[in-house]
Amino acid sequence: MVDVMMKDGMKAGMKAYSQLERILASGQFAVTGEIGPPKSHDASVIRDKCALLKGFVDAANVTDNQTGIVRMSSIAAGILISNEGLEPVIQMTCRDRNRLAMQSDILGAAAHGIKNILCLSGDHQSFGNHPGAKNVHDLDSMQLIRMMREMRDNNQFQCGEEIKGGGPPLFIGAAANPFAAPVALRPMRLKKKAIAGADFIQTQLIYDMDRFREYMKKAVDLGVTESLSVLAGVGPLKGAGMARYMRNNVPGMSIPDHIIDRMEAAVKGISSDDKKARMEASRAEGIRICIEQIEELKEIEGVAGVHIMAIEWEAAVEPVVRGAGLYPRPEGIS
Amino acid sequence: MIVADQKPIKEIKKMLQGRQNVLAIGCGTCVAVCFAGGKREVGMLASALRMATELDGELIQVDEAIVQRQCEKEFIEQLAGELDGYDAVLSMGCGVGVQTLADHYPETRVLPALNTKFMGGPTQQGVWEERCQGCGDCMLEYTGGICPITRCAKQLMNGPCGGTSEDGRCEVDPDTPCAWFDIWERMEKLEIQDELMQVRPPKDWSTSRDGGRRKIVRKDLQKPELDDGS
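Protein sequence lines correspond, in order, to chains S and L. Numbered per this note's numbering, the first sequence spans residues 1 to 334. Numbered per this note's numbering, the second sequence spans residues 1 to 230.
In short, the hints are calculated from the structure, not lab data. Note that CB positions come from ideal geometry on N, CA and C, so glycine has one too. Some hints here could point you the wrong way.
[Unchecked claim] Here are the computed distance ranges between Cβ atoms for each label pair: (1) L:Asp173 / S:Gly85: 37 to 45 angstroms; (2) L:Val217 / S:Leu222: 45 to 53 angstroms; (3) L:Cys132 / S:Thr67: 28 to 36 angstroms; (4) S:Glu280 / L:Arg186: 48 to 56 angstroms; (5) L:Val217 / S:Lys217: 52 to 60 angstroms; (6) S:Glu214 / L:Gly95: 31 to 39 angstroms; (7) S:Ile195 / L:Gly145: 23 to 31 angstroms; (8) S:Lys275 / L:Gln198: 52 to 60 angstroms; (9) L:Asp103 / S:Ser44: 22 to 30 angstroms.
[Said to hold, decoys possible] Reference excerpt, derived from the structure (chain S facing chain L, CB under 8 angstroms, subset only): (10) Arg99; (11) Leu100; (12) Ser121; (13) Ser126; (14) His137; (15) Gln143; (16) Arg146; (17) Ala180; (18) Ala181; (19) Pro182; (20) Ala196; (21) Gln204; (22) Thr225; (23) Pro251; (24) Gly252; (25) Val267.
[Unchecked claim] Straight-line alpha carbon distances no greater than 30 angstroms define the calculated BS3-like cross-link-like pairs of lysine-lysine that follow: (26) L:Lys14 / S:Lys134; (27) L:Lys203 / S:Lys217; (28) L:Lys14 / S:Lys191; (29) S:Lys191 / L:Lys189.
Please take these sequences and the hints and turn them into a complete structure.
This is the structure we're talking about:
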């Protein structure tokens, strides 16, 4: 059954026929979310997060030892997610594996029916819980994208050897940080990822709509969106403090003053003793801002969807998706 | 040049524990230039060790010697006969020097007094920076003369990652310039930034970390085979 669907999909010019690819191909505004695997072998953590996201996103990213902290393998967690009826986007970093391990993991993931794989350099190990670890970086993210495309389209391993029985069906993702320095290079870099073979992009969190509009204009002018789909990264803020911290500490994180002012105003007049009320008011405002931003993003040329990063706040996804008029999600388009 | 740094005196003392006579041997080339193992540093370390061990009540006699290049047999051969009577030799050369001494004098215990750090050079007074990792397949042609293998924390060949700060610093360490930010600026100035749109293929690391030690054989410089007269 799966094989028949795949063949039909291939005929229609699709690469892997994943739910995400089909929604993007149909021209509908896509929604992806994010699930961070636990620092344990406890599968119930994954199931609980799935329950919060299922029905509200088209696919969920599974992070790969994010920030250099050891967690359950993204592929293993992705299989658990598939079993819950939610489509995973497996993240794969270049930090922990060489080209042999990556290709073998790609084949293993594909054997389990995983189709969406997102290629990343990976956060440096010095930020994680094993700062003395030796990083690999045999390939960089651009080379990983290209390798996956060659596996899929040319039935070839990176060494050039034929993959007997055909290459794995993959929908290849990559990341972009539109506002990191050097800013003039960033649209070109996005184009380079398209040239390397990326099918879709998820961006770093966007809060500065004016700057993002400029970036997307350049990307569209470069023809980037002719060959790939851009999902803009959004995330509800929990509070003004979080916003300020991110602005000061995360490269490329551009958060305009008016956003921080709104987060501050949300808790004005609420007694500092009433922590619960302050938190609720603050989070509600964060969700409102996120919804407004999605409405703006829908109007930007070249934006094909949103990637909602509600890290350790998966419950925020439902109100954001509902509020932005993106519910219900399309079901099994064929 | 090869840049090295002296090991902490505590670690060196521990290495020498139980010995009475030690010869500290400096090197007059790279490590002399970076003030880690030249004549002056040999003198300073030897007297520091004599004082420290005397204070502990277990005086170690540390004598001093220097050769011009510890990494070449021709130079360390000059030490023949001078090592007799010592419990150990404390090499103040780089890792190459330590190994050349140990290979040449297999009866002698050779100990390292330095940590060999990198291939690089001075960038300002008292500061040395790495510039080359000896990967064996130079790609400086493509990166405006700035090596991302050495200077990027992730060794990206198609950089930069998203971790470049507004002022062009690496997120791993704000004191470190982002190699790819610098590559971009250099290439933009040369008006060759379009070259960055080429996807650099995966690197052949076999020239960097092959099976065991790497070597270069120059047949043109080797001694000719002896003519057997036939």
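Given a hint of 31 to 39 angstroms, does the C-beta separation of S:Glu214 and L:Gly95 actually sit inside it? violated, 51 angstroms
Distance restraint hint 52 to 60 angstroms, applied to the beta-carbon atoms of S:Lys275 and L:Gln198: holds, 54 angstroms
Return the status of the interface hint for S:Ala196: holds when the least beta-carbon distance to chain L is below 8 angstroms, violated otherwise. holds, 5 angstroms
Between L:Val217 and S:Lys217, does the C-beta distance stay in 52 to 60 angstroms? About 56 angstroms separates the Cβ atoms of L:Val217 and S:Lys217, which means 52 to 60 angstroms holds.
Could you check if S:Ala181 really has its C-beta closer than 8 angstroms to a C-beta on chain L? Status holds, d = 5 angstroms.
Can you confirm whether the C-alpha distance between L:Lys14 and S:Lys134 stays at or below 30 angstroms? Status holds; Cα separation ~28 angstroms.
Within 22 to 30 angstroms: is that where the Cβ-Cβ distance between L:Asp103 and S:Ser44 falls? Hint violated: Cβ distance 59 angstroms, outside 22 to 30 angstroms.
Are the Cα atoms of L:Lys203 and S:Lys217 separated by 30 angstroms or less? violated, 34 angstroms
Quick check on the hint: S:Leu100 CB to chain L CB, less than 8 angstroms? At about 12 angstroms, which exceeds the 8 angstroms cut-off, the nearest Cβ of chain L leaves the hint on S:Leu100 violated.
So, as I understand it, the hint says S:Pro251 touches chain L; can you test that by seeing if any CB pair is closer than 8 angstroms? With Cβ-Cβ at 5 angstroms, under 8 angstroms, it holds.
Tell me if S:Pro182 is really an interface residue toward chain L, meaning its C-beta lies closer than 8 angstroms to one of theirs. Status holds, d = 5 angstroms.
S:Lys191 and L:Lys189 were given as a pair; does the straight-line alpha-carbon distance stay at or below 30 angstroms? holds, 21 angstroms
Comparing the model with each numbered hint stated earlier shows that hints 6, 9, 11, 22, 25, 27, 28 do not hold.
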